[in-house]
Every structure is written in structure tokens, then in C-alpha cells.
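Q: Order-wise, the sequence lines are chains A and B. Residue 244 in full-length UniProt numbering sits at position 244 of the first sequence, with consecutive numbering throughout. Residue 64 in full-length UniProt numbering sits at position 64 of the second sequence, with consecutive numbering throughout.
Keep in mind that the hints were calculated from the coordinates and are not lab data. Note that this is a predicted model, so its numbers are computed, not measured. What you were told as hints is all true, and nothing was included just to trick you.
Calculated cross-link-like contacts (lysine-lysine; reagent style DSBU-like; alpha-carbon spacing at most 30 Å): (1) B:K16 x A:K326; (2) A:K284 x B:K140; (3) B:K9 x A:K306; (4) B:K138 x B:K9; (5) B:K16 x A:K387; (6) B:K9 x A:K284; (7) B:K9 x B:K90; (8) B:K16 x A:K384; (9) A:K306 x A:K384; (10) A:K338 x A:K306; (11) B:K9 x B:K40; (12) B:K16 x A:K306.
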Amino acid sequence: MTNHYLSEAVERIQPSGIRKFFDLASSMDNIISLGVGEPDYATPWNIREASIASLERGMTSYTANAGILELREEISRYLNREFHTPYDPENEVIVTAGASEAIDLAMRSTVNPGDEVLVVEPSFVSYAPLVSLIGGVPVSVPTSIENGFKVTADQIAERVTDRTRGILLCFPNNPTGTVMTKEELEQVATVIEKHDLIVYSDEIYAEMTYDGRHVSVPALKGMRERTVLISGFSKAFAMTGWRLGYVCAPAPIAAGMLKIHQYAMMCASTMAQYGALEALRNGKDEMLEMVESYRQRRNFFVSSLKDIGLDCHTPGGAFYAFPSIKSTGLSSESFAEKLLFAERIAVVPGNVFGEGGEGHIRCSYATSLSQLEEAVDRIDSFLKEIK
Amino acid sequence: MELLRLLEKDGRMPVKTIAKMLDVSEEEIEDMMRALEKRKVILGYSGIVDWTKVDSPEGITAMIDVKVQPKRGVGFDEVAERIYRFKEVKALYLMSGTYDLSVVIEGRTMSEVGQFVSEKLSTLESVLSTTTHFQLKKYKHDGVVFEDGDEDHRIVVSP
Ligand SMILES: Cc1ncc(COP(=O)(O)O)c(C=O)c1O
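Kindly generate the complete structure, drawing on both the sequences and the hints.
A: Written out as C-alpha cells, the structure reads:
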């Protein structure tokens, strides 16, 4: 689908593999979807209420480019309290249109054409394309089920060149659910520091860490001054449709990102910012309840997958299981497609998440228990069919 | 107690499922449930029914505010007991404010409830007055929203 009006950068990137699968799945009825990368809860009512109230009070104009100061202050307090990462609300926090915009800002403000950015894969689908869009070169650092989809310092060191600018990390991870321990992250941090790389740390699933506490990259020794922290409200507070996230970085980097944000976006949606303020102030109980319910469903789903013979590591966070389907001899794409047609279960083939994803499927367990039970039954009969 | 929360939401959840969700063995869950039943923490397992959807004569629920004369020595407890023993009484609460007891009654018809109030409740010696409110429609009951359109609005596959 080329056209001489399109830029080379746009021609260079591919549409998301998820999109392709979506088109296929959405043409069918009665599907149980494990393909959904978002909570199955509606946003808690107090948050919705706060946003409605802001509209009633007529808060309908632009806010400061970086977001309302009150919200930045609250974000700063929240990060400090929960993850021991203090940021100056005036100069180091920017409220964005989702973590998605935050990732884009981080890339655009720090990467030059030709620079290489390491992407730990399997990864969220937007990382590599966003690097490519600005003329950067995404370099895959593949992880595999053998080491629980964790990245090692050696793997990073092997791929560093003169042109390497930074590295994209995401723990808890989409799609694998992998969480790295403090010690493991510290080892990675050593090599990052040695090569003077920037870390783009997408911690949008931080609150959904099930065994132990989340370790934030900028809280590690030597990391804060080189880290761009990306997060948002979509997952933990069930606010995907609000398009609200934030990005924190040392002041000079934040100032750079703010330049782009102010020209491209002006500011994030005002009513969403008021909702987010309520989320941080009074949203913790309900958030913890949702997280507990994901944890229980994770336990149920992963152990059920093992029962029917799918090899699956235990995801320590987020709401995805990433079982291996290698034993079936099918590629992940053909497995997902056959499963969809035979049993009407939608999952996402692992190869769309980059290197290391082939041979796996991503199943989101953020769906009702009864649907999960039904899904496991159907996957079970599918496995028996194709044997 | 996550076990209790799960059972409160769905009393029919199989032990096997609960065990998987909480990552403990089925025997342990069974032991825990038996112990909780014994200690009367779990008092029973019931279903929540939307009777308006069933082809049977609809029941009627009334909430009655009752003012009573408390008795020396036993306070409200004695009259409360006399009231909650009636099988028509589904719930009974001692309230602060302008009246003392709140009685929830279920009957088949309005006159059945009326009869209960006039013949059984208001004739009790310590009952000074009653005010009866009939429920017209149930929107939410025991934390469950009735007529809730809770279909999944999410697109089938997303990042
Ligand atoms: C790892 C990761 N980062 C960022 C996002 C985007 O989140 P937002 O809705 O805040 O743009 C997602 C959404 O799926 C994600 O999985």
C-alpha cells in the first residue's frame, strides 16, 4: 500500500500484528477473547464521578502543558510513597495522553537518526516502530522461556555498539508477565551504566506485581539520572479509554520532552486529569481489590494451562500468561488462527511481540472466571484435536 | 480472608477452583470451610434471585419503621426477639434516629403484609407505632446490581 505522498519513515514501519489479528477475530461472533490488553473492570466510580464533577464545575479549558500542578504533585508523592522514586513535580513530571505518548516523547527527545535502541523482546508492540519512525534503529534483545523471559547483562553487553543510545525495559512485562528481582535488575544496571545508556523504563504494570513488591528502575543505584520513567493510569486504575499517562525524567530530559508535548499535544485531556487526581488520592483500595482478583485468576489460569499440558512460566505481574505452544509443532500464528476458527478463542500470537515470542501465545486473564474456565476447556479439546 | 470473599461472591464456586485461585491444596480449602462453618462464620450458602424474571407470583417486600417502648433490664432485645421469630421477618435492625427498629418483611401480597402489621406487629405490647414502606423496584441488593448490562465492551483483541 505505498503512495508517493507517504514519508519514508511511515513506509518503513509495519502495521501492528495485533491489528491484523483483531480484523480476523472481530469478524466472528461468540468469541471468548483472551486477546484483550486491558482490565475487564470499568473505571471505579469515584474516579468517574470526579471527572464528571470537574465538567460540572466548568473545568473545560487547557491546563498547563505539563498537566495540572496538583496532579503532578500527586504523581510525585505517589511514586515516592509506592516505589521510592521521588520526582520534582514542577520540572520532572509531564502528564501525557497515555503511556503511549510518553514512550513516543521519550524516543523523540533523546534518539537521533541512526542511533540504536535496544528493545528487550518479547515486548509491547509500539516500541520498535516508534524507534523506527524517528529514524532510529531498534535492536532486539531476545529473551526466552528458559530463563523466564528475563534479560541478562551479558545479552545487553553483546549488542551494544558505538551507536547504541539506550534500552527499553518493561517489567512487569507485556506480553510475558515477567518481573525481574532487584538483584537481577542491579546486574543489568551495571552494564547500562558502563556503556552510558539511557533507560526507558515502562512500568505501567508496576502495581500489578503479585509476588513481592515492584522494583522501580530509577530507584536503583546510578539509574535515576539516566532513566526516563514511563507509566500511566490505564492498567492499575482501569482507565484505558481515558488516555492518561505520565513520564518522569531528570529536568533537562523532561524539558526536552515538554517541548515536543507542547507542540504536539498542548496538554492531556483536562477531565481525565481530574479523574486521575481522584485515582491517586482515593483509588488505592479499589485498585488493590482489582489486583488481588487478577492474582487469583493468574493462579487459576496458569495452573489450569499446566493441567492441560501447556508449558507456562508463572508470570509475576501484569495480566498476561505466555504459554509455550512449541509442543504442538505449530507456529504461533497458525496456532492462534486454528484455535480461533476451531474453538472461537481469541489469543494473540507471540511472534507479533518480536524476537523470542515465536512458539508462544499471549492470553490475557483479565476476563471473568467463568470465561477463563470455558476457555481452558476449549483449549484442552483443541489440543486433543490437533494431536 | 480471601476464601470468605470468594464464597461471598459465589457460594457455588467449586473447591477445586478456589484451591487453584488461592494456590493452596483442595484439602486445605475443605478443612478451612468446615472450620468456618463450625465457627458459624459461614452461616449458609444462598443464591440471589431476581424473582421478577420468574413466572411465579411476585412477592412483596416492605420495610417497617417501628417505635417501641424499651423494657427495663432487657432494653430492646426482648421485643426484637419477639419480632424476628416471625417467619415473615427477613431482617431486623436496631436503628438510631427517629424510630428504633427497622423490620424487613416479605409477603405474597400487599394484604398479607398489611395483616402481619396490623395483627402481629402493632399488637405487641411494647410497640408504640409503625410506618410501613413498600419496595417498588430493586436496583441493587446485597451488592449485586439487578438488570446490569455487564457485557464486555472491549474490542476483541488489543495491545
Ligand atoms: C507495556 C505497555 N506500555 C504502554 C501501554 C500503553 O498504555 P496507555 O493506555 O497508557 O497508552 C501498554 C498498553 O497495552 C502496555 O502494555
